[in-house]
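*Asks:* Place chain B on chain A using the hints.
As they're listed, the protein sequences go chains A and B.
Residues in the first sequence are numbered consecutively from 9, following our numbering.
Residues in the second sequence are numbered consecutively from 2, following our numbering.
Read the hints as simulated data drawn from the structure, not as lab findings.
Treat the hints with caution; some may be incorrect.
Straight line, CA to CA, 27 Å or less: simulated BS3-like cross-link-like pairs of lysine-lysine [claimed, not checked]:
no. : chain 1 : residue 1 : chain 2 : residue 2
1   : B       : K40       : A       : K179
2   : B       : K95       : A       : K277
3   : B       : K24       : A       : K206
4   : A       : K229      : B       : K8
5   : A       : K64       : A       : K105
6   : A       : K375      : A       : K431
7   : B       : K33       : A       : K179
8   : B       : K49       : A       : K229
9   : A       : K206      : B       : K8
10  : B       : K40       : A       : K229
11  : B       : K24       : A       : K153
12  : A       : K277      : B       : K8
13  : A       : K241      : B       : K8
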Amino acid sequence: MDEQFEVLIIGAGPAGISAAIALAKAGVEVVVLERGEYPGAKNVYGGILFTHQLEKIVSETLDEAPFERAVTRRRFGALAADREVALDIKVAGWRDKPYNHTVTALRGRFDRWFAEQAEAAGAQVFTGFMVSDLIVENDRVVGVKVQPGDEEMRAQVVISAEGAQAFLARKVGLMAPHLPQRHMITNVKEVIGLPPEKIEDRFLLEGGEGVAMEYFGEPVKGYFGMGFVYTNKDSISIGLGLTVHDLIQSRETLNDFLEYFKNLPTIRKLIEGGETLEYAAHLIPEYGYNHLPKMTMPGLMLVGDTAGLINGSVYHEGTSLATGSGLLAAETILEAKEKGVDIGSREALAPYRAKLEASFVLKDMKKFRRMPDFFNKYPHILRDYPSHVTRWLADYFTIDETSKADVEKGILRSIRKDIGLWKFATEMLRIGRVVR
Amino acid sequence: MSGTNPKTIEDKLGLLAYRTDEKSHITVDQEKFKADPVKAILYACPAKVYVEDPKTGECIVNYENCVECGTCHVVAPQYVNWFYPEGGKGVHYKMG
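Next comes chain B alone, as it looks inside the complex:
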């Protein structure tokens, strides 16, 4: 059943078509990220793009998962620098 009814974000992202850009369309100011006690982007991103590195405390940016909603830069404009991927790149919604 898990194939037709994915429950986790990872499985749901597996349904999407992407054309991944070679370079990231997202950058994170690591010092400001580390200083943020809440780090809401870790759960507010619906595509789990942002993951905290347990060793360094830095923010790993899995930009290739991005579904381009823009929630992250509304959550943390002080350290998330998000802009659209280059034309034709990124997620391709079939239904929307």
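So that you can see chain A by itself, here it is in the shape it has in the complex:
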């Protein structure tokens, strides 16, 4: 195959397919290579899809997308072994379109549908083809090597939507050769089948409504990470993730963590009686804004997880940044084409980073840029606070003949003993600064 395409995209996940649709709609000749037998076969995430960019890409058919539930309730819990303190937000209006742009979805279903939209727009999606290498000539990426068959395919510009592992981006030096253990979150998850009525009863939902629950502390035994429970139509996604660094320290398996989390007294009843349908594991690159890779080189652009575009913070957004970056990569190429510039040239691709900076993609990541380093520098915050805070509140609401004034004094004494009042105050300020 010595044919040259205009644009070649590696990976049929949300980032690659978003770029493919935008380019194909504008009449660009675009080929997507996906190593899975079908789009989604290799794709794993927690379970929440953020849809505001999809409305720009597939507005005509979005109503037909295989979404599971509209997320009308979000819950952030600090979890200790036998107690929980949570912030629980429920907004009835989120059950109406556009569903607060937050839905649950299963990637095996959604990614397949999304790739079909790319084909309908005129992109060619080839599944079962793994890109094993980039072809670089005179410091420019000019194509890819494909397995099976050891074929070469050439293109004016290659978009790598390869995913979190970013082998190809590392190979050509857009990022360090090894992935950082303190910034790669390793995740494990189960999808557990339950009848819809049971899910709605247990989670206080109307038909079609869903919930996203995230837990700090005990699910990951105080390490840098979190646990989650998301509701699908007739199943629950439950899982957790922690940094590879912390997993090594723990000397436990991810499955040990998951079984422990599933059996905590505050969690157990949510999944009781369900049937496990799937077990999955995946990496999330939480480098943060301060440690992003280089986004382009001549002939190559990075999008989505490959580019480290994850807003960890409290939002846990990945799919919106993936779709957003795919769109901006397409826009960069289309503008160059409009100007008659060689679309893979340094000049053509230069505006991409500025476009990301000007959009929510990097604006949000920049706002939370201190976070990944902060939790790595002060690991005791995620380790100790969920346990302390839940105990202080449990004490506050413990009813016996102790006078309420003495209860308050007791809690102050605990804070002094557990942390120290001065340290507590400075740490609250520090946390405030990180999220501001």
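*Replies:* Frame of chain A; chain B shown alone:
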């Protein structure tokens, strides 16, 4: 109950669909593995791909169990050489 609520990694892997490649997509540098006092890949891999041979001390690689998360090569880049299985091979997630 164990059929519907598997608890062990082995039982959970039994839920997954695979198309196994004839050749392994993973290689391990055995000397460096043996020299590693921690050998974290033995527990960090969520699919128990890596098992220490009690006789030889070598690392047995059950690549056909791999769920393709990539955690192993982040844990031990100095001796785990992991790359994607050939196109169409390996695990097929239905839900993801």
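*Asks:* Hint by hint, note whether the structure agrees.
*Replies:* Tested hints:
1. B:K40 to A:K179: holds (26 Å)
2. B:K95 to A:K277: It holds: about 26 Å lies between the C-alpha atoms, which stays within 27 Å.
3. B:K24 to A:K206: Violated, because 45 Å separates the two Cα atoms, which is more than 27 Å.
4. A:K229 to B:K8: Given pair A:K229, B:K8 holds - Cα atoms ~19 Å apart, limit 27 Å.
5. A:K64 to A:K105: Holds, at roughly 15 Å.
6. A:K375 to A:K431: Holds, at roughly 25 Å.
7. B:K33 to A:K179: holds (23 Å)
8. B:K49 to A:K229: Distance of about 21 Å is within 27 Å: holds.
9. A:K206 to B:K8: Roughly 22 Å between the alpha carbons, so the hint for A:K206 and B:K8 holds.
10. B:K40 to A:K229: holds (22 Å)
11. B:K24 to A:K153: With a Cα-Cα distance of about 19 Å, the restraint between B:K24 and A:K153 holds, given a limit of 27 Å.
12. A:K277 to B:K8: Holds, at roughly 17 Å.
13. A:K241 to B:K8: Answer holds: A:K241 to B:K8 is near 24 Å, not above 27 Å.
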